[in-house]
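J.: Here is how the chains run, residue by residue.
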Amino acid sequence: MVRVACLGVLILINFVFQTTVLVRFSILGVSPDTAVVFIVCYGILRGDVEGAIFGFFVGLMHDVFGADFVGIHAMFGLLAGYVAGKPFKDYFKDNYVLPFSIVVGVVFVYQIMMFFVAFLFRGQLDFLFYFRTIVLPKTIYTALFSLPLYGMLFILNAKLESYEDDRRNFFK
Amino acid sequence: MEFLNRYKRAFIFLGMAVCVASIIFTLNPNYSPGVIVRSLTRVVTPLQTASTSVANWISLRLSLFWEINYIQQEILMLREQVGWLELENQRLLLAGEENRRLVELLHISERYGELPMVGARIIAHEHTGWRATFRIDQGTNHGLERNMPVLGPGGLVGIIQEVYPTSSVVRAIIDDGFVVAARTIRTEDEGTVWGDGTLMQQGLVRMDHISRYAHIMVGDELITSTISELFPPGILIGEVIDIQPTPDGLAQFAIVNPTADIFSLEHVLVITQTILGS
Chain A
1 MVRVACLGVL ILINFVFQTT VLVRFSILGV SPDTAVVFIV CYGILRGDVE GAIFGFFVGL
61 MHDVFGADFV GIHAMFGLLA GYVAGKPFKD YFKDNYVLPF SIVVGVVFVY QIMMFFVAFL
121 FRGQLDFLFY FRTIVLPKTI YTALFSLPLY GMLFILNAKL ESYEDDRRNF FK
Chain B
173 MEFLNRYKRA FIFLGMAVCV ASIIFTLNPN YSPGVIVRSL TRVVTPLQTA STSVANWISL
233 RLSLFWEINY IQQEILMLRE QVGWLELENQ RLLLAGEENR RLVELLHISE RYGELPMVGA
293 RIIAHEHTGW RATFRIDQGT NHGLERNMPV LGPGGLVGII QEVYPTSSVV RAIIDDGFVV
353 AARTIRTEDE GTVWGDGTLM QQGLVRMDHI SRYAHIMVGD ELITSTISEL FPPGILIGEV
413 IDIQPTPDGL AQFAIVNPTA DIFSLEHVLV ITQTILGS
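Those protein sequence lines, which keep their order, are chains A and B. For the first sequence, the numbering used here gives the first residue as 1, with consecutive numbering after it. For the second sequence, the numbering used here gives the first residue as 173, with consecutive numbering after it.
Looking at chain A on its own, in the form it has when it is part of the complex (with noise of 0.2 Å):
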């Protein structure tokens, strides 16, 4: 229950902050999309079915305030986070050149797939201008975020662990 309210709380915060105090500090146009990086460092840290959930309810977020439609920024969530969590048991999670180079990843993809649902079915055929001009400089400008808030992340989810932890063993 803790760890919903401290996400629920972390999602409404970084939906603020992205929206009010990042596009201030655009790069060639382009603001970072810190939300795809918590989505990948939740997907690392606690496992493909969690970052999924975690994702989608991020992703529900951005789509009920910004987009069009509601359930695409969902379903990319969805995916991110199930994608970043598969490889889950296989290494440590103070490392951190892998959650680095998987936000990279999922962040191109992600781009990627923004383009063929919102540009490439209503015509615009463009692709490598898109490619030119957004996907690659967000993909560069969210990587450097992603340290840093794998970092913030890491520590809270040690909190909220140890806290699980902690009530599980007073119960028994």
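Hints listed in this document are in silico derivations from the structure and should not be mistaken for laboratory results. Just so it is clear, CB atoms sit at the ideal spot from N, CA and C, and this is done for glycine as well.
Which chain B residues face chain A? A few, computed with CB under 10 Å, are given here:
1. Phe183
2. Ala193
3. Ile208
4. Thr213
5. Val216
6. Leu219
7. Gln220
8. Val226
9. Ala227
10. Ser231
11. Ala296
12. His297
13. Asp368
14. Gly369
15. Thr370
Place chain B on chain A using the hints.
T.: Frame of chain A; chain B shown alone:
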């Protein structure tokens, strides 16, 4: 949780199916946000307002340190400009007086001044690079509705896309998918002004469907056309900065620089009258 882990695949497919269903369900252009969304905006809007105010305050204080030299130069430049503008102003006062008399003579009421308007503050930018929308702090409680035109300093800024009780989402003129019927002031050539994704980041828009025989020129100013269904006629849109023939040679298209600077907006005006409704 164990249950979910056991039926992982089925769970993921179910989630995706729910998403696809909701996309199809909300693709309807007349879709209006439900109770849950509206109550969520009541939580988020004040937070965004507060966050924007704080960010504005801090960036103002910081910019004082960074830009002091620039500000001094600007003051000198502005002083000179004020002198010129005073001259210009006197000339325009005379022209305005003459215009008023001519208007009275023709019995045309001034449409621009009569439109009811509401001021609003931009509290969040929801553009992700793919979209250009922003959120303002006025909503249905203040009499706003969908499809109301939004003006900024200089001219047209966008149109209201969604309304909530205390806030609404504005689709900016540069957003890919924005459309308005336009005409040039000088030659009265009709065309359609579109937001174009490839021009979005430069803050430009595109005017299509200009006749091959239209004598449109670089520097021509565009206003909203009388055939527009959503916008009152005569709102300034922008200035033509480039004209090219379409690849098939049957028409021309123009690149247009909107008069209102979309990226540095803080306040906008909403015309609280929809043409379709009236």
